[in-house]
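So the sequence lines, in the order shown, correspond to chains A and C. Terminal number for the first sequence in numbering that gives the first Met the number 0: 280, no gaps in between. Terminal number for the second sequence in numbering that gives the first Met the number 0: 280, no gaps in between.
Rather than coming from a laboratory, the hints here were simulated on the basis of the structure. What you are looking at is a predicted structure, and each value in this text was computed from that prediction instead of being measured. Treat the hints with care, since some could be wrong.
[What the hints assert, rightly or not] Derived pair list, reagent style DMTMM-like, types lysine to aspartate or glutamate, alpha-carbon separation capped at 20 Å: (1) K258/A x D149/A; (2) K20/C x E15/A; (3) K1/C x E15/C; (4) K228/A x D218/A; (5) K19/C x E8/C; (6) K17/C x E16/A; (7) K19/A x D48/A; (8) K20/A x D141/C; (9) K10/A x D141/C; (10) K125/A x D161/C; (11) K19/C x E16/A; (12) K237/C x E224/C; (13) K157/C x E96/A; (14) K19/C x D141/A; (15) K17/C x D141/C; (16) K256/A x E194/A; (17) K20/A x E16/C; (18) K10/A x D161/C; (19) K19/C x E15/A; (20) K209/A x E168/A; (21) K157/C x E216/C; (22) K258/C x E216/C.
[Unchecked claim] Short, incomplete list of chain C residues facing chain A, as computed with Cβ under 8 Å: (23) F105; (24) N107; (25) E109; (26) K133.
In this text, a Cβ means the ideal position worked out from N, Cα and C, and glycines have one as well.
Here is what each chain is made of, one letter per residue.
Protein chains: 2
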Amino acid sequence: MKLVNSISEMKEFVSEEKSKKSSIGFVPTMGFLHQGHISLIEQSVKDNDITILSIFVNPTQFGPNEDLDKYPRNLDNDLSLANQAGVDIVFHPYASEMYPSGYATFVNVERITSALCGATREGHFKGVATVVCKLFNICNPDRAYFGQKDFQQLQVIKRMVDDLNISIEIIDCPTVRESDGLAMSSRNTYLSAEERQQALVLSQSLHLAKKLVDSGELDVVNLTESVSKMITSMPLAKVDYIEIVDAMTLQPVSQVKHKALLALAIRFGNTRLIDNTILEV
Amino acid sequence: MKLVNSISEMKEFVSEEKSKKSSIGFVPTMGFLHQGHISLIEQSVKDNDITILSIFVNPTQFGPNEDLDKYPRNLDNDLSLANQAGVDIVFHPYASEMYPSGYATFVNVERITSALCGATREGHFKGVATVVCKLFNICNPDRAYFGQKDFQQLQVIKRMVDDLNISIEIIDCPTVRESDGLAMSSRNTYLSAEERQQALVLSQSLHLAKKLVDSGELDVVNLTESVSKMITSMPLAKVDYIEIVDAMTLQPVSQVKHKALLALAIRFGNTRLIDNTILEV
Chain A
0 MKLVNSISEM KEFVSEEKSK KSSIGFVPTM GFLHQGHISL IEQSVKDNDI
50 TILSIFVNPT QFGPNEDLDK YPRNLDNDLS LANQAGVDIV FHPYASEMYP
100 SGYATFVNVE RITSALCGAT REGHFKGVAT VVCKLFNICN PDRAYFGQKD
150 FQQLQVIKRM VDDLNISIEI IDCPTVRESD GLAMSSRNTY LSAEERQQAL
200 VLSQSLHLAK KLVDSGELDV VNLTESVSKM ITSMPLAKVD YIEIVDAMTL
250 QPVSQVKHKA LLALAIRFGN TRLIDNTILE V
Chain C
0 MKLVNSISEM KEFVSEEKSK KSSIGFVPTM GFLHQGHISL IEQSVKDNDI
50 TILSIFVNPT QFGPNEDLDK YPRNLDNDLS LANQAGVDIV FHPYASEMYP
100 SGYATFVNVE RITSALCGAT REGHFKGVAT VVCKLFNICN PDRAYFGQKD
150 FQQLQVIKRM VDDLNISIEI IDCPTVRESD GLAMSSRNTY LSAEERQQAL
200 VLSQSLHLAK KLVDSGELDV VNLTESVSKM ITSMPLAKVD YIEIVDAMTL
250 QPVSQVKHKA LLALAIRFGN TRLIDNTILE V
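Just need the whole structure built from these sequences, with the hints factored in.
What follows is the structure, given as structure tokens:
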């Protein structure tokens with residue numbers, strides 16, 4: 000497995016592989032890899048001749064009061080996990096080369112970025128779309144892999160790829176969970192034991208909503224209320240949002256009809272966790 | 000010469016040429032071709048195995064009160080000129096396929112788009128950067144050709160290509176002028192005979208400024224005043240802007256030191272003409 004920092008070296012590697020007609024899979028991450036990332040890597044290794052993993056804690060997707068500086072990092076462990084999972088090349092660029100002095104260009108996906116996480120994390124998805132567009136241009140993959148846990152991010156990327164006519168297939172992979180149901184996230188490492196215990200309520204409330212829908216409850220106000228009641232029964236949980244929206248447009252719906260998305264963002268202390276599920280009749 | 004309307008057909012053609020290792024040159028235009036466009040095509044034909052010409056009057060770069068609907072079009076003549084000049088394939092997409100229902104993604108180059116034409120044509124460069132990014136992704140060229148007449152557009156594209164790590168070489172070509180000095184533009188066709196005559200003052204005032212700089216006048220206020228005096232001596236000329244800025248950043252300067260850009264936008268009736276020159280000591 001190769002480790003590359005420089006953009007030009009990365010482009011050279013890709014161009015060489017392209018001239019050999021290798022198919023390229025790409026898994027963009029911010030590192031501190033967990034089983035969720037590994038599942039994306041494994042899918043890519045299965046689908047492609049070459050798998051590129053990027054590890055880049057992207058400053059432009061963090062707000063001024065967010066956790067950029069303390070975002071967890073462990074490059075040595077990441078490299079060892081990536082190697083085991085079959086990655087061919089790790090791209091680990093410097094922020095100073097990704098965003099040099101005078102940098103001025105941003106990709107913005109309008110509308111679907113104003114809901115959910117976009118409403119409370121201003122500029123977050125502009126940072127995500129921009130860095131993913133850059134990484135796509137550098138790594139020029141045939142396929143790119145994203146987790147369904149970041150459902151809104153996935154929709155933003157799909158919209159960007161369609162709109163900008165980018166020739167990359169976006170593959171979404173199911174959320175990977177701990178055995179007790181907590182969705183895997185690099186931010187789980189922030190949780191105290193007590194918070195970790197109470198955080199189980201996220202996945203439990205998703206199950207509750209699915210059950211209610213199965214039993215015929217399709218009213219969004221009622222469903223949201225039931226989920227909210229369950230979550231706020233946990234004394235350490237602070238609701239950022241609990242929303243049921245159209246799964247494609249992320250716009251509000253009043254009834255669960257086709258595919259709806261139940262999306263949660265809940266804080267435990269300073270840690271903000273997200274989770275989601277699709278509700279369908 | 001081939002004419003293609005559909006994005007997928009265009010991508011297929013490009014992918015076939017790429018697999019043959021053909022080098023691809025790309026000339027994006029809004030059609031109504033003149034000698035300025037032809038000079039770009041000729042340069043591309045010289046530099047590349049294959050030349051793609053796009054003809055697309057891009058709605059997102061026109062403001063609500065601008066000339067989108069009456070922008071001059073003459074596809075038959077364009078095709079004949081393109082064919083003579085050596086174009087291999089003309090890409091002439093439909094606006095409805097470039098911007099389908101639900102379209103939401105825009106590329107914005109900040110800062111350098113707020114000066115000059117960006118100040119009076121709000122959203123113009125966002126539309127330009129977005130469509131060029133899309134066309135680059137569809138046509139995937141090795142080199143793309145732009146005229147220096149649209150100097151700010153050229154700087155916006157260069158900045159976008161650098162910032163988004165797009166692997167395309169941007170080639171800028173000198174402004175082509177009528178024998179009397181008027182910069183070639185599709186919009187020249189709007190001018191009445193009298194306006195056409197008075198519009199010569201644009202290139203004449205650029206010459207004046209160059210002469211003044213050669214004779215030692217480096218003060219931007221004095222230079223701008225001289226140019227302004229000459230232009231406003233034409234009764235039909237209405238100044239949109241007359242500015243001398245840093246040629247890279249397009250930010251104001253007070254002295255001509257390194258490379259400065261003298262840029263003009265002047266209206267004659269409803270027709271807005273631009274021209275520019277580099278001033279250097």
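Exercise for review: For the pair supplied as a hint, K20/A and D141/C, confirm whether the alpha-carbon distance does not exceed 20 Å.
Suggested key: holds, 18 Å
Exercise for review: Double-check K133/C for me: the hint is only fine if its C-beta lies closer than 8 Å to a C-beta in chain A.
Suggested key: holds, 5 Å
Exercise for review: Double-check F105/C for me: the hint is only fine if its C-beta lies closer than 8 Å to a C-beta in chain A.
Suggested key: Since the shortest Cβ distance to chain A is 5 Å, the answer is holds.
**Study point:** Pair hint outcome, K228/A versus D218/A [Cα-Cα no greater than 20 Å]
**Key:** Distance of about 16 Å is within 20 Å: holds.
Check your understanding: Would the pair K17/C and D141/C pass a check requiring their Cα atoms to be no farther apart than 20 Å?
Key -> Judged against 20 Å, a Cα distance of about 10 Å means the pair holds.
Practice item. Could you grab the alpha-carbon distance between K19/C and D141/A and see if it respects the 20 Å cut-off? Key: Distance ~19 Å between K19/C and D141/A Cα, so the pair holds.
Review point. When you check the alpha-carbon spacing of K209/A and E168/A, does it fall within 20 Å?
Key: Roughly 30 Å between the alpha carbons, so the hint for K209/A and E168/A is violated.
Practice item. Would you check the hint for K237/C and E224/C, treating anything up to 20 Å between C-alpha atoms as holding? Key: The given pair, whose Cα atoms are some 15 Å apart, holds under the 20 Å limit.
**Study point:** Agreement of K19/C and E8/C with the hint, judged by alpha carbon distance not exceeding 20 Å
**Key:** Cα-Cα ~17 Å, so holds.
Check your understanding: Can the restraint linking K258/C and E216/C be considered satisfied, given a maximum Cα separation of 20 Å?
Key -> holds, 15 Å
**Study point:** Satisfaction of hint between E15/A and K19/C, Cα-Cα up to 20 Å
**Key:** holds, 15 Å
Check your understanding: Can the restraint linking K1/C and E15/C be considered satisfied, given a maximum Cα separation of 20 Å?
Key -> Distance of about 14 Å is within 20 Å: holds.
Violated hints, in rising order: 16, 20 and 21; the structure is consistent with all others.
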